[in-house]
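Asker: Sequence:
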Amino acid sequence: MSLHDKVVLVTGGGRGIGRDIALGCAREGAKVVVAARSESELQETTDFIEKSAKRPAFGRRCDVASMEEVQALVRWTEKSVGPIYGLICAAGIYGVKGKFGETDFAEWEKAIDINLLGTARTIHAALPGMKSRGDGRV
Numbered sequence: 001m002s003l004h005d006k007v008v009l010v011t012g013g014g015r016g017i018g019r020d021i022a023l024g025c026a027r028e029g030a031k032v033v034v035a036a037r038s039e040s041e042l043q044e045t046t047d048f049i050e051k052s053a054k055r056p057a058f059g060r061r062c063d064v065a066s067m068e069e070v071q072a073l074v075r076w077t078e079k080s081v082g083p084i085y086g087l088i089c090a091a092g093i094y095g096v097k098g099k100f101g102e103t104d105f106a107e108w109e110k111a112i113d114i115n116l117l118g119t120a121r122t123i124h125a126a127l128p129g130m131k132s133r134g135d136g137r138v
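If you're matching positions, the sequence shown starts at 1 in the numbering used here and goes up one per residue.
Read the hints as simulated data drawn from the structure, not as lab findings. Where a beta carbon is used, it is the ideal one built from N, C-alpha and C, also for glycine. Heads up, a few of these hints could be off.
Computed Cβ-Cβ distance ranges for the label pairs, DEER-style [as the list claims (entries may be wrong)]:
hint, residue 1, residue 2, range
1, H124, R15, 46 to 54 angstroms
2, K54, K131, 31 to 39 angstroms
3, G98, P56, 38 to 46 angstroms
Computed list of lysine-lysine pairs in DSBU-like fashion (alpha-carbon distance at most 30 angstroms, straight line) [to be verified]:
hint, residue 1, residue 2
4, K99, K110
5, K79, K51
6, K79, K131
7, K97, K110
8, K79, K54
Kindly produce the complete structure, drawing on both the sequences and the hints.
Answerer: Spelled out as structure tokens, the structure:
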């Protein structure tokens with residue numbers, strides 16, 4: 001499967017595995033859109049991808065805990081970069097640490113909201129376009 005000139009959207013692409021996947025996709029020829037909460041990580045990552053992979057990279061701030069932000073990210077990507085072919089959901093936070101009965105339940109809710117529902121929100125927003133084109137990978 002060739003990624004040449006196909007648009008790949010990577011949430012959580014500002015650091016860690018998301019950043020590494022974004023770089024790998026760019027090296028395979030993709031037009032990469034990196035989404036993260038941190039503007040500084042976005043700038044650093046897109047600069048690094050452009051320098052290392054010799055491909056344009058696009059950064060967009062997005063908090064996957066917000067459906068509105070996720071929908072805006074998908075709309076912006078499709079309008080400004082092109083139809084999304086690949087979707088990598090790598091946004092996440094470290095889970096709750098400690099004994100279950102001694103931890104703040106709100107921290108569990110936050111981790112589930114970002115790690116699980118953030119992925120669901122992103123797929124929910126991007127999937128209709130992929131289905132209408134009959135092409136795409138999550």
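Asker: Which numbered hints does this structure break?
Answerer: 1
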